[in-house]
Every structure is written in C-alpha cells, then in structure tokens.
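Here's the letter readout for the chains.
Protein chains: 2
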Amino acid sequence: MNILKTIEELQEVTASNKNKTIGFVPTMGALHDGHISLIKQARNENEIVVVSIFVNPTQFLPGEDLDAYPRKDEADKKICQICKVDYIFMPEISTMYTDEEVLIKANNNSYVLEGKTRPGHFDGVLQVVLKLFNLVQPTRAYFGKKDAQQLTLIQQMVKNLFLPIEIVPCEIVREKDGLALSSRNVYLSQTQRQKALLISKSLYSAASLVGKGEKSSEVIKNKMYDVMQTLEVEYVAIVDRNFNEIEEIQLKNSIILVVAKFGNTRLLDNIWL
Amino acid sequence: MNILKTIEELQEVTASNKNKTIGFVPTMGALHDGHISLIKQARNENEIVVVSIFVNPTQFLPGEDLDAYPRKDEADKKICQICKVDYIFMPEISTMYTDEEVLIKANNNSYVLEGKTRPGHFDGVLQVVLKLFNLVQPTRAYFGKKDAQQLTLIQQMVKNLFLPIEIVPCEIVREKDGLALSSRNVYLSQTQRQKALLISKSLYSAASLVGKGEKSSEVIKNKMYDVMQTLEVEYVAIVDRNFNEIEEIQLKNSIILVVAKFGNTRLLDNIWL
Numbered sequence: 001m002n003i004l005k006t007i008e009e010l011q012e013v014t015a016s017n018k019n020k021t022i023g024f025v026p027t028m029g030a031l032h033d034g035h036i037s038l039i040k041q042a043r044n045e046n047e048i049v050v051v052s053i054f055v056n057p058t059q060f061l062p063g064e065d066l067d068a069y070p071r072k073d074e075a076d077k078k079i080c081q082i083c084k085v086d087y088i089f090m091p092e093i094s095t096m097y098t099d100e101e102v103l104i105k106a107n108n109n110s111y112v113l114e115g116k117t118r119p120g121h122f123d124g125v126l127q128v129v130l131k132l133f134n135l136v137q138p139t140r141a142y143f144g145k146k147d148a149q150q151l152t153l154i155q156q157m158v159k160n161l162f163l164p165i166e167i168v169p170c171e172i173v174r175e176k177d178g179l180a181l182s183s184r185n186v187y188l189s190q191t192q193r194q195k196a197l198l199i200s201k202s203l204y205s206a207a208s209l210v211g212k213g214e215k216s217s218e219v220i221k222n223k224m225y226d227v228m229q230t231l232e233v234e235y236v237a238i239v240d241r242n243f244n245e246i247e248e249i250q251l252k253n254s255i256i257l258v259v260a261k262f263g264n265t266r267l268l269d270n271i272w273l
Numbered sequence: 001m002n003i004l005k006t007i008e009e010l011q012e013v014t015a016s017n018k019n020k021t022i023g024f025v026p027t028m029g030a031l032h033d034g035h036i037s038l039i040k041q042a043r044n045e046n047e048i049v050v051v052s053i054f055v056n057p058t059q060f061l062p063g064e065d066l067d068a069y070p071r072k073d074e075a076d077k078k079i080c081q082i083c084k085v086d087y088i089f090m091p092e093i094s095t096m097y098t099d100e101e102v103l104i105k106a107n108n109n110s111y112v113l114e115g116k117t118r119p120g121h122f123d124g125v126l127q128v129v130l131k132l133f134n135l136v137q138p139t140r141a142y143f144g145k146k147d148a149q150q151l152t153l154i155q156q157m158v159k160n161l162f163l164p165i166e167i168v169p170c171e172i173v174r175e176k177d178g179l180a181l182s183s184r185n186v187y188l189s190q191t192q193r194q195k196a197l198l199i200s201k202s203l204y205s206a207a208s209l210v211g212k213g214e215k216s217s218e219v220i221k222n223k224m225y226d227v228m229q230t231l232e233v234e235y236v237a238i239v240d241r242n243f244n245e246i247e248e249i250q251l252k253n254s255i256i257l258v259v260a261k262f263g264n265t266r267l268l269d270n271i272w273l
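Protein chains in written order, with my numbering: chain A, 1 to 273; chain B, 1 to 273.
A few of these clues could be false.
As the list makes no split between identical chains, a pair holds if one copy fits it or if it spans any two.
Calculated cross-link-like contacts (lysine to aspartate or glutamate; reagent style EDC-like; alpha-carbon spacing at most 20 Å) [to be verified]:
1) K159 x D99
2) K159 x D123
3) K116 x E100
4) K18 x E47
5) K223 x E234
6) K159 x E9
7) K105 x D123
8) K215 x E248
9) K18 x E166
10) K159 x E8
11) K252 x E214
Think of the hints as simulated: they come from the structure by calculation, not from any bench.
Build out the structure end to end from the sequences listed, making use of the hints.
Shown next, in the form of structure tokens:
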C-alpha cells in the first residue's frame with residue numbers, strides 16, 4: 001500500500017493505471033465499518049483501489065466541528081492496509097486549495113433539508129469531490145446511502161458534467177442495535193447513545209407502516225415523531241430520489257430521512273423504499 | 001471525418017482513444033482563420049483532433065446576441081474537413097443542459113473588465129468548457145489569446161480542479177490591415193469596419209511606447225485613448241497574467257486590453273507583452 005501526499009504523485013498513479021479499473025472511496029477519515037464496507041466493495045469490483053482521507057474545510061460552515069472532527073490517521077492507515085487498498089491519498093489543505101478557487105454551486109435541491117441547516121455545505125462537498133474525481137479518474141466511486149442528499153447531488157453533478165464515472169450507492173451499515181454508523185457517534189455520551197436508538201426505531205416503524213400499505217407521508221411522519229418524542233428532532237422528511245418532498249410514498253422512489261440533535265451532534269439516518 | 005451529435009457517440013470516441021493524444025478546439029462555430037489556426041496547431045500536435053461547434057446559451061446574458069449569433073454549419077463542416085479534423089461534436093442545447101444544473105462560479109477576476117459588462121458570462125463559459133472537457137478528455141485544448149480573460153479563467157479552472165489537460169494559448173490572427181479576426185466582425189458596416197482599425201492601431205502604439213522604455217500604464221492608456229478618440233471605447237486596461245490591473249508594465253507578465261463598441265457590436269483586442 002502506498003500513501004500519496006501530493007497532486008503529482010497521485011496524477012502519476014492515475015496516468016499509469018489508465019487502462020485498469022479504479023475504484024475510489026473518498027472519506028474524511030475516522031474510518032468505521034461503514035467505510036470498510038465501501039472499501040471492500042471497491043476492492044471486489046476493481047483492479048486498483050484508491051481511498052482518500054481529507055477533512056475538507058469547504059464543506060464545514062463557520063462554527064461547525066471542523067477542528068474537532070475526529071482524526072485517526074494511524075488507525076485509518078491500518079484499516080486500509082487490512083482491506084488491501086492500493087493507494088491512500090492524504091493531502092494537506094494547501095495541496096487541495098489555493099487562494100482563488102472556482103466554486104461549484106449545487107442545484108436547488110442542495111438548499112432543502114441538510115442544505116437548509118447547512119447552507120453552502122453541499123457546494124463544498126461537490127467542490128472537493130470534483131477535484132478528487134479529476135485527480136483519481138475512477139471507473140467507480142463508492143458513497144454510502146446514509147448521506148442520501150450528498151449522494152443524490154453527486155449523482156446529479158456526475159450526470160450534469162458528463163463525468164465518465166459510475167457512482168455506486170452502498171447500503172447503510174448499522175450497529176447490532178440499529179444505530180447507523182457515523183464518525184460523529186464518538187461525540188455521544190452513553191445516555192445519548194442509548195436514546196439515539198429511537199432514530200432507527202422510528203425508521204423501522206415507518207417501514208412497517210409502509211409494509212402494511214400505508215402511503216400517506218403525513219401519517220408516516222406523525223408515527224415517527226411519536227416514536228422519537230423524547231428526542232430533539234430537527235426534521236423528518238419523505239422525498240423522492242431527486243429529493244423533492246412527496247405527499248405519498250412511491251415504492252422504489254422514496255427516501256425517508258431523519259435528523260436528530262444530541263447537544264451539538266447532529267445524527268442523520270434514512271431508509272430507501 | 002465524423003459528425004457526432006449525442007453524448008453517447010462522443011463518449012464512445014473518447015473511450016476508444018484513451019491511449020491516443022487528443023487535441024480539442026471548442027468553438028461556437030462561424031469558423032474563421034483564427035479558429036483554423038487553432039485547429040491546425042491541434043492537428044500538428046495530436047493524434048486525434050476534436051472540434052466542438054456549440055453556441056452555448058449560458059454564456060449569453062439576456063438581451064445579448066444569442067439568437068443573432070452567426071451560424072454557418074455547412075461552411076464550418078467543410079473547413080473542418082479541409083483541416084483534417086477527426087470528429088466534430090455538434091450537440092443540441094437539450095443534449096448539453098437539463099433543467100437542473102450544477103453551476104460553476106468563476107473566481108473574483110471574472111467580475112472585472114469583460115465580467116463587469118457581462119456579469120455571469122464567464123460562469124457560463126466555464127460550465128460549458130468543463131462539460132466539454134469531461135466529454136472529450138483532451139490531452140491538449142486550444143484557445144485564442146484574443147479572449148484573454150476567458151483563457152486566463154479557463155487556465156485557473158484547470159489548475160483549481162486538477163484537470164489533466166494542457167491549455168495551449170494561441171496567437172491572435174489578424175486581417176492584413178490589423179483587425180483581429182472575430183465571428184462578430186460580420187456585424188460591422190463598411191464604415192465601422194474601417195474605423196475598427198484604430199483598435200489594433202492603438203495596441204501597436206502602446207507596444208511601440210513600451211519598446212521605447214515607457215512603463216507607466218497611465219501614459220500608455222492615454223496614448224491609446226488618443227488614437228481611438230473617434231471610437232466608443234468601452235475600456236482600455238493593463239493587467240498582469242492573473243488579470244489584476246497593474247500601474248506599471250511588467251515584461252512577460254502584462255496584457256493590454258481594449259474593447260470598443262460599434263453600435264451593438266463589441267470588439268475585443270489585446271496584446272501580450
């Protein structure tokens with residue numbers, strides 16, 4: 001496994017593997033089983049696997065947890081080695097950004113839900129993802145369904161900009177008790193960790209209602225708020241795959257989303273129906 | 001020579017020429033000797049040559065000459081054939097754009113000079129150029145120095161987004177009497193055409209002053225305004241290669257720019273020192 005730090009090193013790797021399939025997993029590090037599942041799938045499906053580890057400043061808003069964001073470089077390297085990653089790209093901020101930058105502005109659906117709470121967040125995500133895509137030139141790039149809106153906006157960018165890359169959406173990985181894995185789970189106290197189970201529980205209730213034939217978004221959302229009544233719920237939303245809110249569940253075209261807050265920690269979860 | 005209309009056709013060509021050098025000349029058609037010089041250079045330096053002909057709506061502001069922009073598809077095709085172009089890409093607008101688009105925002109230097117008169121123009125230029133770059137995946141892309149600010153912003157985008165493409169700036173091609181070639185020259189009446197010579201004349205005066213040791217931007221600009229006193233000059237500017245205005249000429253790092261208006265027609269010209 002090689003650890004690359006500079007643009008030149010990475011571009012050399014990309015150029016010399018032009019005729020191989022490259023699987024790419026962009027991450028902000030603090031790798032957990034969710035990331036590992038992405039890496040394993042990339043390993044299964046491609047000749048070369050590149051993982052990037054870069055806590056991207058442009059996707060954090062002022063006052064957000066950029067400085068506190070968990071960093072575990074040594075553990076991350078070991079995990080990548082065990083997963084037979086070929087290359088880790090770990091650049092400095094000054095390697096990725098200059099003073100004068102072309103900005104990417106995500107489409108209107110970047111201003112609802114997560115984008116409403118975090119205006120500009122997705123512009124920063126798309127900016128770094130586009131830079132990384134251009135550097136790695138992957139055949140396939142792997143993203144978790146947990147960041148559903150991010151995944152959708154990246155898919156739209158790839159389509160809009162005609163990038164010759166297959167975006168592979170990967171299932172959410174959960175703890176045995178249902179909590180969706182997140183690098184931010186480390187911020188939770190034991191009590192918060194326990195209460196956080198209500199998030200996935202609310203989604204299971206929603207799925208169960210839908211299984212019984214319920215289609216009304218309102219009925220489903222009310223049920224979920226019921227389940228999470230002891231939590232500070234930021235939003236519950238039911239959207240189609242383009243992230244437009246819908247009044248009725250459309251099978252194979254719906255995502256039910258929750259965000260709940262535990263102190264300063266926002267936990268996201270969702271289920272794709 | 002093949003004429004490609006769809007994304008799929010072009011992507012197939014790109015994929016099957018992965019290991020060849022591809023020279024790309026993006027144009028809005030109405031090809032003149034300026035374009036031909038770009039195409040010839042591309043032909044000399046690459047195994048495959050792709051020319052795009054697409055009048056890009058997103059770089060025209062409301063009220064600008066989008067509908068009136070000269071279109072000469074059949075003549076353009078003949079020119080490309082004579083220049084031994086391998087592929088012309090001539091998409092429809094609906095092929096290039098959907099209802100929901102990721103936008104590209106050029107950096108601050110896109111709001112001075114041309115960008116001041118045409119706010120948003122360069123965002124549209126970068127958007128279409130980025131799309132085309134992703135489709136064609138050229139080794140080298142050829143741009144005329146005449147659109148100096150466009151060239152600079154494209155170079156900055158390529159650097160910012162780590163696109164593995166060499167941008168090749170090409171010299172301005174002029175009529176024998178000095179008028180810089182432009183697809184918009186066809187709008188000029190005979191009288192306007194004659195008066196337009198003062199533009200290049202003002203630049204030659206500037207170059208001559210610099211040749212005699214003059215460094216002051218103010219002195220040079222005054223001389224140019226003198227030469228063009230019978231014209232409606234929109235601006236004269238002296239900038240460095242990053243398009244920051246400078247008080248003194250810096251050799252090998254200066255561009256002197258003029259824009260003059262003839263009725264609704266804006267003519268650009270410049271000289272690189």
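Legend entry - Intra- versus inter-subunit Cα pairing at 20 Å for K18 with E47: Both: 11 Å inside a chain and 18 Å across chains, each within 20 Å.
Inset, instruction - Pop the pair K159 and D99 into one bin, within, between, both or neither, using alpha-carbon distances up to 20 Å. - result: Classified as between; 12 Å across copies, 28 Å inside a copy.
Legend entry - Alpha-carbon proximity between K159 and D123, which holds within one copy, between copies, both or neither at 20 Å: both (16 Å within a copy, 18 Å between copies)
Inset, instruction - Have a look at K159 and E8 and pick one of within, between, both or neither, based on CA distance no larger than 20 Å. - result: between (27 Å within a copy, 12 Å between copies)
Inset, instruction - Up to 20 Å between alpha-carbons, please classify K105 paired with D123: within, between, both or neither. - result: both (5 Å within a copy, 11 Å between copies)
Inset, instruction - At 20 Å max between alpha carbons, let me know whether K116 reaches E100 within a copy, between copies, both or neither. - result: between (26 Å within a copy, 18 Å between copies)
Legend entry - 20 Å Cα threshold - placement of E248 relative to K215: Only inside one copy: K215 and E248 sit 5 Å apart there, 70 Å across copies, limit 20 Å.
Legend entry - Homomeric proximity label, K223 with E234: Cα distance no greater than 20 Å: within (15 Å within a copy, 64 Å between copies)
Inset, instruction - State whether the alpha carbon distance between K252 and E214 is at most 20 Å within one copy, between copies, both, or neither. - result: within (15 Å within a copy, 71 Å between copies)
Inset, instruction - Pop the pair K159 and E9 into one bin, within, between, both or neither, using alpha-carbon distances up to 20 Å. - result: between (28 Å within a copy, 16 Å between copies)
Inset, instruction - Measure nothing new, just compare the shortest in-copy and cross-copy C-alpha distances for K18 and E166 to 20 Å and report within, between, both or neither. - result: Both: 16 Å inside a copy, 17 Å across copies.
Taken one by one, the earlier hints all hold for this structure without exception.
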